[in-house]
Amino acid sequence: MKKSLLILTSAVFVLAGCQDDQAPEPTTSTEQFVEIPADVAVDEVMEEQVSTADDGHSANIALDWNGTYVGILPCADCEGIETEVTLNHDGSYSVSQTYLGKENGHFESQGQLSWNEKGSIITLENETGANQYFVGENILFKLDMNGERVSGDLAEHYQLRKQ
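First residue of the sequence shown? That's -10 in my numbering, and the numbers climb one at a time after it.
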């Protein structure tokens, strides 16, 4: 009888020990960036992020978004716009743009950035024209004047990569 009671008690302790309520350890990704195909609308990606934003996983919160992003954006009347955007944790930014092949074509600006309520798009407050970027893992997608992702043959040229 004592042996049965001892085995039963041991089994209860073993089973109780299996019900651990600790949160799983976070995993780290080895990927440098996630590229979203040009034919995928920003709205689709934002809808997906909204479903995860409720649990605190928006670009603003979950990604290491601060840093310097560089690339050459298309230009209507020059060879391209060499662009460098630096985003800071304090909400400030700086932009340096050089219009390639243009004399006196270098411009710099700075200001404050703001996030949309979904935490996936930033707006550079002191800029004129298209001043919004969709924030991805180590990449910024420059949005058009309507806040939409550029599609078509030049879509891949509207990306700035984190350095």
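Simulated from the structure, these hints should not be mistaken for laboratory data.
Treat the hints with care, as some may be off.
If you anchor each label on the Cβ, the simulated ranges turn out as follows [stated by the list, open to error]:
id: 1; residue 1: G56; residue 2: E92; range: 15 to 21 Å
id: 2; residue 1: G80; residue 2: M134; range: 20 to 26 Å
id: 3; residue 1: H78; residue 2: D133; range: 39 to 45 Å
id: 4; residue 1: D53; residue 2: G90; range: 32 to 38 Å
Don't be surprised by glycine CBs; every beta carbon is placed ideally from N, CA and C.
To see whether the hints hold, each was checked on the structure:
1. The hint said 15 to 21 Å for the Cβ distance between G56 and E92, and at roughly 31 Å that hint is violated.
2. Between G80 and M134 the CB atoms are about 23 Å apart, so this pair conforms to the stated range of 20 to 26 Å.
3. Remark: the range hint 39 to 45 Å for H78 to D133 is contradicted by a beta-carbon distance near 27 Å.
4. Between D53 and G90, the C-beta spacing of about 34 Å keeps the proposed range 32 to 38 Å intact.
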